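Peer 1: Modelling step: build the complete structure from the supplied sequences, incorporating the hints.
Protein chains: 2
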Amino acid sequence: MDLTPLIQPADSKLLLLVLDGLGGYADAEHGTELEEATAPHLDALAAEGTSGLCEPVGPGITPGSGPGHLGLFGYDPEVFELGRGALSAAGLDVELRAGDVAARGNLCTIAPDGTIADRRAGRVPDDEARLVIDKLEAGVHIDGVEIVFRHEREHRCLVVLRGDGLDPHLGDTDPQQIGVAPLDPEPRTPEAKRTAEIVAELAGQARTLLADEPKANGLLLRGFDTHRELPQYADRYGLRAAAIAVYPMYRGIARLLGMDVLGAPTGLDDQLGILRDAWNDYDYFFFHHKGTDSAGEDGDRPRKIAAIEALDSIVPQLRDLGPDVIAVTGDHSTPSQMAAHSWHPVPTLVWSERCGRDSVEQFGERWCRHGDLGIRPMKDLMAFMLANAGRLQKYGA
Amino acid sequence: MDLTPLIQPADSKLLLLVLDGLGGYADAEHGTELEEATAPHLDALAAEGTSGLCEPVGPGITPGSGPGHLGLFGYDPEVFELGRGALSAAGLDVELRAGDVAARGNLCTIAPDGTIADRRAGRVPDDEARLVIDKLEAGVHIDGVEIVFRHEREHRCLVVLRGDGLDPHLGDTDPQQIGVAPLDPEPRTPEAKRTAEIVAELAGQARTLLADEPKANGLLLRGFDTHRELPQYADRYGLRAAAIAVYPMYRGIARLLGMDVLGAPTGLDDQLGILRDAWNDYDYFFFHHKGTDSAGEDGDRPRKIAAIEALDSIVPQLRDLGPDVIAVTGDHSTPSQMAAHSWHPVPTLVWSERCGRDSVEQFGERWCRHGDLGIRPMKDLMAFMLANAGRLQKYGA
Numbered sequence: 001m002d003l004t005p006l007i008q009p010a011d012s013k014l015l016l017l018v019l020d021g022l023g024g025y026a027d028a029e030h031g032t033e034l035e036e037a038t039a040p041h042l043d044a045l046a047a048e049g050t051s052g053l054c055e056p057v058g059p060g061i062t063p064g065s066g067p068g069h070l071g072l073f074g075y076d077p078e079v080f081e082l083g084r085g086a087l088s089a090a091g092l093d094v095e096l097r098a099g100d101v102a103a104r105g106n107l108c109t110i111a112p113d114g115t116i117a118d119r120r121a122g123r124v125p126d127d128e129a130r131l132v133i134d135k136l137e138a139g140v141h142i143d144g145v146e147i148v149f150r151h152e153r154e155h156r157c158l159v160v161l162r163g164d165g166l167d168p169h170l171g172d173t174d175p176q177q178i179g180v181a182p183l184d185p186e187p188r189t190p191e192a193k194r195t196a197e198i199v200a201e202l203a204g205q206a207r208t209l210l211a212d213e214p215k216a217n218g219l220l221l222r223g224f225d226t227h228r229e230l231p232q233y234a235d236r237y238g239l240r241a242a243a244i245a246v247y248p249m250y251r252g253i254a255r256l257l258g259m260d261v262l263g264a265p266t267g268l269d270d271q272l273g274i275l276r277d278a279w280n281d282y283d284y285f286f287f288h289h290k291g292t293d294s295a296g297e298d299g300d301r302p303r304k305i306a307a308i309e310a311l312d313s314i315v316p317q318l319r320d321l322g323p324d325v326i327a328v329t330g331d332h333s334t335p336s337q338m339a340a341h342s343w344h345p346v347p348t349l350v351w352s353e354r355c356g357r358d359s360v361e362q363f364g365e366r367w368c369r370h371g372d373l374g375i376r377p378m379k380d381l382m383a384f385m386l387a388n389a390g391r392l393q394k395y396g397a
Numbered sequence: 398m399d400l401t402p403l404i405q406p407a408d409s410k411l412l413l414l415v416l417d418g419l420g421g422y423a424d425a426e427h428g429t430e431l432e433e434a435t436a437p438h439l440d441a442l443a444a445e446g447t448s449g450l451c452e453p454v455g456p457g458i459t460p461g462s463g464p465g466h467l468g469l470f471g472y473d474p475e476v477f478e479l480g481r482g483a484l485s486a487a488g489l490d491v492e493l494r495a496g497d498v499a500a501r502g503n504l505c506t507i508a509p510d511g512t513i514a515d516r517r518a519g520r521v522p523d524d525e526a527r528l529v530i531d532k533l534e535a536g537v538h539i540d541g542v543e544i545v546f547r548h549e550r551e552h553r554c555l556v557v558l559r560g561d562g563l564d565p566h567l568g569d570t571d572p573q574q575i576g577v578a579p580l581d582p583e584p585r586t587p588e589a590k591r592t593a594e595i596v597a598e599l600a601g602q603a604r605t606l607l608a609d610e611p612k613a614n615g616l617l618l619r620g621f622d623t624h625r626e627l628p629q630y631a632d633r634y635g636l637r638a639a640a641i642a643v644y645p646m647y648r649g650i651a652r653l654l655g656m657d658v659l660g661a662p663t664g665l666d667d668q669l670g671i672l673r674d675a676w677n678d679y680d681y682f683f684f685h686h687k688g689t690d691s692a693g694e695d696g697d698r699p700r701k702i703a704a705i706e707a708l709d710s711i712v713p714q715l716r717d718l719g720p721d722v723i724a725v726t727g728d729h730s731t732p733s734q735m736a737a738h739s740w741h742p743v744p745t746l747v748w749s750e751r752c753g754r755d756s757v758e759q760f761g762e763r764w765c766r767h768g769d770l771g772i773r774p775m776k777d778l779m780a781f782m783l784a785n786a787g788r789l790q791k792y793g794a
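So the protein lines, in turn, are chains A and B. Counting in the numbering used here, the first sequence runs from 1 upward without gaps. Counting in the numbering used here, the second sequence runs from 398 upward without gaps.
Keep in mind that the hints were calculated from the coordinates and are not lab data. Do not rely on the hints blindly, as some may be mistaken.
[Stated by the list, open to error] Ranges between beta-carbon positions, derived for each pair:
| no. | chain 1 | residue 1 | chain 2 | residue 2 | range |
| --- | --- | --- | --- | --- | --- |
| 1 | A | V79 | B | P522 | 35 to 43 Å |
| 2 | B | R766 | A | R240 | 52 to 60 Å |
| 3 | B | D717 | A | R130 | 50 to 58 Å |
| 4 | B | P456 | A | P231 | 29 to 37 Å |
| 5 | B | R637 | A | G299 | 25 to 33 Å |
Computed from a predicted model, the values in this text were never measured in an experiment. Glycine included, every Cβ here is placed at the ideal spot set by N, Cα and C.
Peer 2: Right, here's the structure in full:
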């Protein structure tokens with residue numbers, strides 16, 4: 001259902017608490033991390049609210065962070081795409097603009113015979129790589145194109161081309177194997193011909209500039225992509241929306257959807273302060289907590305539980321602000337047993353004056369399973385939040 | 398969600414146990430057959446795994462065996478079709494080829510005035526019918542077309558036309574009523590004109606050949622159909638798949654999807670032996686148990702329960718083989734109260750190291766209802782099996 005035609009204004013405030021990678025699974029020894037966490041304030045929200053399990057993308061599908069967040073924001077991840085380039089840029093706080101072409105870059109080692117000896121330049125350390133990227137930033141010049149180089153981690157970087165008439169439809173220069181020469185960037189449409197020439201010129205200049213580097217003497221590019229225009233929160237939902245997140249990627253995703261990204265927090269206390277200061281200026285807040293996912297990815301069960309408890313401890317202050325609707329969920333599951341994202345559905349609660357109390361008294365997968373939200377796609381959460389916020393008109397007469 | 402782009406290789410082994418017609422319904426006197434069966438090994442799988450109820454085609458829809466199995470294999474039965482001709486052919490171990498046109502035939506009784514006196518030729522007994530079919534096989538000749546006649550049961554047979562330029566778009570010759578003459582096969586497209594002429598000629602020759610038969614002196618054809626190319630398991634899922642089934646129809650369906658059909662088992666013990674021998678050669682095994690459905694169709698509740706218990710008794714040997722993922726379900730329900738296929742959702746469990754344990758301790762409809770798989774379309778089962786087998790990549794970055 002397209003919600004936009006039903007949107008009506010209201011004074012209500014919505015708060016979406018995202019515990020990244022929240023979900024887990026029970027096994028013979030343990031309940032899930034959330035089930036075993038001591039989280040009295042989340043439990044109170046569940047007891048007063050309505051709970052369920054949400055599938056971020058689809059049954060059995062393990063979501064990346066991009067699709068996971070699109071679902072949270074009510075954008076069907078099978079319809080909308082952030083794109084790898086856009087996500088990389090978002091993760092580096094680089095704002096892609098309409099017409100930009102972005103690619104992911106690998107510093108690599110080219111052998112004397114011109115073939116690739118190492119696609120990752122021996123996983124060159126960050127400080128060394130940064131110097132190499134600075135050299136490219138300073139040295140590469142192509143008429144009529146602005147070129148942004150941004151170091152990510154180790155051998156990885158982002159390259160953005162900015163200028164008129166660029167087109168992302170070209171093949172990778174990275175052959176994804178060693179012992180062969182880098183590929184010429186092949187235009188896949190006539191419109192991409194000039195962009196392919198620019199990329200070839202860029203690769204040539206990089207070779208020259210890096211000729212004396214012991215390891216990182218070449219640059220491979222892949223995944224050419226452009227900025228994709230996504231429907232903006234204000235137009236889609238009539239919401240003045242703000243994001244409060246520590247990590248660049250989530251800040252970037254929020255920005256792509258037209259949210260204001262607030263402050264430069266380094267942790268939950270900062271985030272809480274920023275939320276308080278901005279409370280009167282927005283209708284909707286996306287509050288992102290990374291600790292759960294980081295711990296889950298490390299397979300660190302106690303730390304994941306602690307991260308849940310840390311978020312739990314600030315719930316009273318969040319409630320003191322007087323939100324009309326609170327939703328608590330995750331963008332995907334990161335079971336510490338797997339130390340990775342997974343397909344398991346994500347525990348979810350919606351709390352408001354009018355949400356309806358179900359039988360769930362405690363926040364956790366095994367209880368959510370029996371809550372009134374049921375098992376459903378994550379993209380539907382936004383409709384429940386808006387409905388509870390009095391922001392959706394009746395459908396039909 | 399199209400799973401194919403997400404498929405990644407893995408060493409895991411998947412085992413799908415299909416108890417044909419497994420599901421049932423509780424009434425004032427009884428629980429379902431599965432609920433009342435003594436099935437400790439299936440219960441253990443449910444206790445260690447995750448359970449739910451699956452709808453093979455859709456809410457309220459009673460599936461035939463074709464759509465029921467397509468759902469089990471992750472092919473949306475509303476999108477993919479086996480076709481009646483293909484199914485009949487599969488059931489008779491006849492392999493339809495590209496360009497073949499198949500139809501279902503009824504031997505019938507034609508009255509002296511040329512109208513149909515009995516559409517089923519008095520349900521002519523098998524041995525008698527077989528002789529009539531042999532007569533047709535030997536006597537019908539049409540230039541440029543190979544014609545295969547295959548007896549099914551009683552008055553029913555399969556007719557396959559093989560040759561160049563055949564087209565299945567023609568109307569039935571069976572008017573589905575008595576007291577009228579058989580219909581001329583009407584071409585529905587210009588391309589089907591020649592095929593219609595061939596079928597008219599075939600019907601005429603049959604009349605002549607069978608003129609002296611006391612009962613089965615005519616042949617009615619319906620459901621003209623051609624071979625349909627279905628995506629093959631290897632391409633769709635990257636799986637080396639094998640089917641171990643007693644009955645031809647299920648063997649045929651598996652073959653249409655590119656599975657290897659193993660051995661010629663006559664019962665569960667044979668099937669188990671074949672599975673053991675082939676264990677190292679395949680990634681995925683479709684293990685089909687017919688007894689549950691046959692008993693259900695006969696309205697024989699104790700026999701259906703016994704068929705469930707028979708399958709249960711070999712579960713330990715199946716587990717000993719070391720599968721990574723086991724799914725247990727049915728292709729549809731066959732409640733013994735109805736003595737027929739039904740729309741009731743089918744109890745389903747998924748067992749693996751990473752499936753997540755839910756609260757279900759016993760395998761049966763009333764418990765599955767509360768399991769973490771929820772109530773969902775059967776076509777989604779394959780995604781869960783693949784996810785649990787580590788064979789699906791993350792979706793998006």
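Peer 1: None of the hints should be skipped; say for each whether it holds.
Peer 2: Going through the hints against the structure:
A beta carbon spacing of about 58 Å between V79 (chain A) and P522 (chain B) contradicts the range 35 to 43 Å that was offered as a hint. Distance hint check: the CB atoms of R766 (chain B) and R240 (chain A) are about 43 Å apart, inconsistent with the given range 52 to 60 Å. At about 55 Å, the beta-carbon gap between D717 (chain B) and R130 (chain A) stays in the expected band of 50 to 58 Å. With their beta carbons about 32 Å apart, P456 (chain B) and P231 (chain A) fall inside the hinted range of 29 to 37 Å.
For the pair R637 (chain B) and G299 (chain A), the supplied restraint of 25 to 33 Å holds, since their beta-carbon distance comes to about 31 Å.
This entry does not satisfy hints 1 and 2, going by the numbered hints stated previously.
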